[in-house]
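Visitor: These are the residues of each chain, in order.
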Amino acid sequence: MRRLAAFSLIAVATALAASSQSILIRNATVLTVTKGSIQNGSVLIENGKIAAIGKNVSAPADATVVDATGRYLMPGIIDCHSHTAIEGGINEGSVSDSSMVNIKDVINPYDINIYRALAGGLTVSNVLHGSANAIGGQTVVIKLRWGKTAQEMLFDGAKPGIKFALGENPKRQGYPQESFFTQGQVVERRYPGTRMGVEEVIRESFTEAKNYQAEWKDYENRVERGEHPIPPRKDLRLDPLVEVLEGKRYVHAHCYRADEILMLLRVANEMGFKIRTLQHVLEGYKVAKEIAAHGAGASTFSDWWSYKIEAYDATPYNAAIMARKGVVVSLNSDSDELQRHLNLEAAKVMRYGGLSETEALAMVTINPAKQLGIDETVGSIEVGKSADLVLFDKHPLDNFSKVEKVWIDGHQYFDREKDLETRPAFEQKKKALEEKLKPAAQRPARGQGGSNPTAEAIQ
Amino acid sequence: MRYGSINAAVLTIAATCAVAMQAEVPSAIAIKDAHVVTVSGADLPRGTVLLRDGLIEEVGVNIAVPADAWVIDGSGLTVYPGFIDALSTWGIPSGAPQASANRPTGGAPTTPAPAAQTQPEPRAHGPEDRPQTYSFERAADLVNPSESRIEAARAAGFTTSATFPNRGIFEGLGAMIDLAGTRGRDMVVVQPVGQQIVFRLGPSGFGRTFPTSLMGNIAYVRQLFLDLNQYRQAKQIYDAHPGGNRRPEYDHDLEGLAESPRILLPADEAQQIDRMLSFGQELKVPFVVYGMHEAYRRIDELKQAGVPVLVSLKWPEKPKNADPAEQQDYRQLEMQTQAPAVPGMLAKAGVKFAFYSDGVDNAADLKKAVKKAIDAGISRADAIKALTLNAAEIYGAGDRLGSIEKGKIANLVMTKGEAFEDKTTVEYVFIDGKEFEPSKDLQKEPANRGEPKQPAISGDRGAN
Amino acid sequence: MKSAHLLAISLICLAPALLAGGDDNSVLIRNVVIHPVTSPDIPNGSVLVIDGKIAEVGMKVSARGGARVVDGHGLHLYPGLINAATNVGLAEIGALRDTVDLDEIGPFNPELRAEIAFNPSSEHIAVTRASGITSVITLPGSGARGGRGGPAPVITGQGALMHLDGWTWEQMAVKPGAVMDMLFPQIGGGSSRYAAVSGGQAPSFEEQEKQYREQLKRIGEFFEEARRYERAKNAGLADFQRDVRLEAMLPVIDGKQPLFMRAERERMIKDSVEFAEKEKVKIIIADPHEIGRTGPLLKEHNIPVVLGKTFELPMHDDDPYDAPYTLPNEFYKAGVEICFGTFDVEFARNVPFEAAQAVAFGLPHDIALKALTINSAEVLGAGDRIGSIEKGKSADLILTDGDPMQARTTIKQMFIAGREVSLESRHTREYEKWLARP
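Residue numbers (this note's numbering), protein chains in the order written: chain V, 120 to 578; chain F, 15 to 478; chain B, 6 to 443.
One or more of the hints may lead you astray.
Unchecked claim - Non-contacting residues of chain F with respect to chain V, defined by C-beta distances greater than 12 angstroms in every case (computed): (1) A83; (2) N158; (3) A248; (4) R276; (5) D288; (6) K298; (7) G320; (8) A378; (9) E441.
What the hints assert, rightly or not - Here are the simulated lysine-lysine pairs, BS3-like style, with alpha carbons at most 30 angstroms apart: (10) V:K557 / F:K437; (11) V:K557 / F:K386; (12) B:K396 / F:K334; (13) F:K249 / V:K550; (14) F:K332 / B:K283; (15) F:K382 / V:K555; (16) F:K362 / V:K548; (17) F:K382 / V:K548; (18) V:K550 / B:K275; (19) F:K249 / V:K336.
I should point out that these hints are in silico values taken from the structure, not numbers from a laboratory.
In this text, a Cβ means the ideal position worked out from N, Cα and C, and glycines have one as well.
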């Protein structure tokens, strides 16, 4: 499917958006995640929302019927930690606090990894800045509406976030070594170089943010009193931190070790803000109690470990322990590859810690939805929620399963059959382009004016 | 008495200049019996153009040739307004070769940080350090008529360029310059015409100086405009209420930015076009977008935005040194085939656009690049218009440049054959009414061009 | 909490002593579904293990020789899985170079032997076992082609087939020198799959091709040197002097030890086969990322393939989204014998899932299971000793509650050479310990 089909899909999607086409997915095993499973169940989609669920669902006569006999329907998968679709660098690594940068500015809707992830059942991604700095950039939640523009991919109503990072990654530039990134140049050290310094950066930035907040309040008060003060400088770095303090922006904090997790929770308490999610949080199992008490979610890997020293105490049982201790846990990808099969990552928590199928599925659906504050509309199959649905040929926790169809807001964005069908045409179209680009000598003679690709380009 | 003597001195200087001018340029030139493409009006199949004192004095069919005029027989030749490079570094000696020629495939139209910086700058702590702001630099102060690429540009029929300094993210104030003169100041036609913004990325978003990522670049630009608004507001409030307020600090960077009548934003691929259209609107300043190789996907949006557009003449091609066994991606192939069709599509949609050289600095390549757009669907007339009047109008210089009209600056090009055809040669170029006979050698293919090996840009060509 | 911790530690220390030591390697596993892999499944059968070897397999087998009895009611018995490409035992923490013994300096290191640096105390051993893997190939090279400033690596040393249990590496080595790890050169040098889009001036393709041919020539010369060495040795020349490096090449040039040829791209595979023909050596194609038109060629020359991860991204934007998922089946359909490897350390345990993903996208299930067991054993020259449940073979067995390719399946018990092996690991210990945190 890829490019070619993507464009034809745009047409389809637009057509669907214009009409209020109903879709009935019939006779599937419906894994609602929050309300149990329904054998031979049906789901009716109307106006992009789930209108009815059950064994017997009546649909309008003109509804498109999808026969899903023997298939499994689950909510669209949600990834709480992604770097897909970011153009021009996922890190603004030059500064210790890069809160002035915003992932929303650089979403690339043409990143093929969006489509590849969609083909694995992913419908929502929390697209994060990298982990090069203690306070990283602003983050954004997208729906994988392949074929649409960056603006159209934004998850309407999802609260924006900001990335924090603790431990080895943000302190690494404090003792730069010869690496791929330095490309043979001597790199100046960047503060911080220790975990203590990481804490200090966060504390300092929030202290500044509070001063800044006060400065603006003072200005506003003076204006109100009829004075003519000069407005303070608007600071793109401090604005998002003020939003964090005011609860308007979520903090997603990359972390590994128990000590730094605890440190962050304490700094947040002291400064008066909440950590929305701890990301990776590989030693979260050691401080699960404290995480639960703070109310932070944990977004972790299924089984990553040992790639660096702060990942050496990791255990794939992490998710299970944290879940058992009352933490809302999700499984994330942090990877263009892994995001293609988060359902199979979820299957691993059944092996490592004996969680149930529903608990496992929740970790890639409703739990990340809760963490991102979007569980009102996505994350489970419930009436009234957005029709973000994935149809599998087998149970999604079965390692032999694969995705057949994916809907977002009731629009079908992936269809394996169509993907397979359009491959030859795509190849042909590509060959035709290659032919066109051959040097003139190898091409048929140019007529007057030459070939005119305009018409084709407009199509 | 003091005043009188000064007046006398001025008069003396003026007289000296006038004498010097007369010695170089005949007071009048008449181009007779040429095919005149006025651009602003109808073509004259057999017309006369009269130039005097650097201006077009008259253009028409039945024009009496003044007795003092030098006459050029234009029969068999075509006269066009001089071509304008709408975004250039021509004229700035350190500008060659234009760095954006190294644009990475598929990326934003970005340029690597200036090479060979001998003194590493201290690490910037954030946008407030403004490490890449040169908003105050003026192309008008940097241009030099002996710059090495100018002669090749004239040989391609270019008489004028919108030249911008090229370092930093805020590159400085551009100037519309004529590509001839005795001193730099002779070249300047209009200044400032705008501020070019270039996004400069470090490796993988890591680097010493903020910003290194695309999002960092965007935040950087956004912050500077916020600062500008605050600066203006602060000055206004202070002027009205000096008592009780601290005096706003004079800000060199922001003064440069404030002076700029428009900004130029880079956008090559479709998502970059989307991004820059909304960014430009957010900044609430007049803006122009440049690059445009994938604009075939965004014609409607560009039309709707009503924003002028600059199309790079450096058409995308298969990367040199690529393994022939490696396939290119569909999107790249599409861009390579479709980019030259963009001008035609823009013309058809009524989007105002002009061309820019983007590092294509030799006459043969410039000619071929325009020809490629013509082959891909734009009419010759529209291509000429994009290279002349449109470019002038985009920079607010349409009242003095860009067409063959009475009273405009006498910048003309005369060709044997229709412009941009393979066999066509540029016979004369007039700049400020002064005649140049472009070198025929410079119009030939560079001799050392072994087919695929030679890079598309040949920066040293003009030095010969 | 402290006592719990201590208890855990003492358990760890005791576990190998109890299970691996002594003579406790005779056992009767009965009442299980047996998946011998090389013969049809037995729905309800028994396997008798005597002295570490499989003594009998069948419907009715009675205990003897003092074997203890394991009742496997409702469970499945599979041969232990084999990961045919890892660096387990040679690397502990990826980012800490001091814990990594991979990629020795210099282009030709045939004399290096992976098994001698195999750390029997590596935490990765137990972690890998947890997925039912009883043997791995451990390779001395990571596959990195850079050379880190020196010449690009070509022969990184000999990979060893290792049991994932034992007191010492000697005990664990099933087959030292199972393969000779070699990186087939590539036009352009660096890893093609992750080819850096550098803004720098790349040499022209012609130049790159020239360098490639020069490198091939140097490799040819090295092989020729080994051959002359062998002739000199066989001739018993008076001034013959032993050479450690060249001596190590003799099994390769004699066709006894296969080259584990890392060849990611189509052209590399094709050129590898040509190279093998010319040099008359045995090769295994390792970590191919595409098949191109090489299928018939590999089949014709009877060259097996050790596949890398199935969970990969397609190489090009335009490739089908499932290209890496269907690749194993492409090789299988072409008639090529396949095995699975992961070419890493910490994810070596996920090799059954790599195979499973291939099954989801078309690879027949029984082939996937063979690829994880008997194929690897055969390709690595130990087909007579491991890889299936057959009489006379080493009793490398796993008792599971389901298909080992399913993540939902639990591995209940494991036997390596008849010894019951603990399925505990650093991971389970942390789990037990911290779950109990008040």
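Visitor: So, for every hint listed, does it hold in this structure?
Guide: Outcome of the hint check:
At the 12 angstroms boundary, the C-beta of A83 of chain F stays outside the reach of chain V, the nearest C-beta of that chain being 39 angstroms off. N158 of chain F, annotated as away from the interface, keeps every beta carbon of chain V farther than 12 angstroms; the closest lies near 33 angstroms. With a least beta-carbon separation of about 4 angstroms from chain V, A248 of chain F fails to lie farther than 12 angstroms from that chain, contradicting its non-interface assignment. Distance check for R276 of chain F against chain V: the nearest CB is about 21 angstroms away, which clears 12 angstroms, and the non-interface claim stands.
Remark: the non-interface label on D288 of chain F conflicts with the geometry, its nearest Cβ contact in chain V lying 5 angstroms away (cut-off 12 angstroms). Distance check on K298 of chain F: its Cβ is at least 14 angstroms (rounded) from any Cβ of chain V, clearing the 12 angstroms threshold; non-interface status holds. Against the 12 angstroms criterion, G320 of chain F stays outside the reach of chain V, whose nearest CB is about 18 angstroms from its own CB. Residue placement check: A378 of chain F keeps its beta carbon more than 12 angstroms from all beta carbons of chain V (closest about 16 angstroms).
E441 of chain F, annotated as away from the interface, keeps every beta carbon of chain V farther than 12 angstroms; the closest lies near 25 angstroms. At most 30 angstroms may separate the alpha-carbon atoms for a hinted pair to count; K557 of chain V and K437 of chain F meet this at roughly 23 angstroms. Our distance criterion of 30 angstroms between C-alpha atoms is met by K557 of chain V and K386 of chain F, whose separation comes to about 14 angstroms. Taking the CA atoms of K396 of chain B and K334 of chain F, the gap is near 61 angstroms; set against the 30 angstroms cutoff, the hint is violated.
Distance hint between K249 of chain F and K550 of chain V is unfulfilled; the C-alpha atoms sit about 61 angstroms from each other, more than 30 angstroms. Distance hint between K332 of chain F and K283 of chain B is unfulfilled; the C-alpha atoms sit about 35 angstroms from each other, more than 30 angstroms. With a CA separation close to 17 angstroms, the supplied pair K382 of chain F and K555 of chain V stays within the 30 angstroms bound. As the CA atoms of K362 of chain F and K548 of chain V are separated by approximately 26 angstroms, the hinted pair is consistent with the 30 angstroms bound.
For a cut-off of 30 angstroms, the pair hint linking K382 of chain F to K548 of chain V stands: about 27 angstroms separates their Cα positions. Between K550 of chain V and K275 of chain B, the direct Cα distance comes to roughly 24 angstroms. Compliance with the 30 angstroms bound is thereby established for this hinted pair. Simply put, K249 of chain F and K336 of chain V have alpha-carbon atoms about 21 angstroms apart, close enough for the 30 angstroms limit, and the pair holds.
Checked against the numbered hints above, the structure breaks hints 3, 5, 12, 13 and 14 and satisfies the rest.
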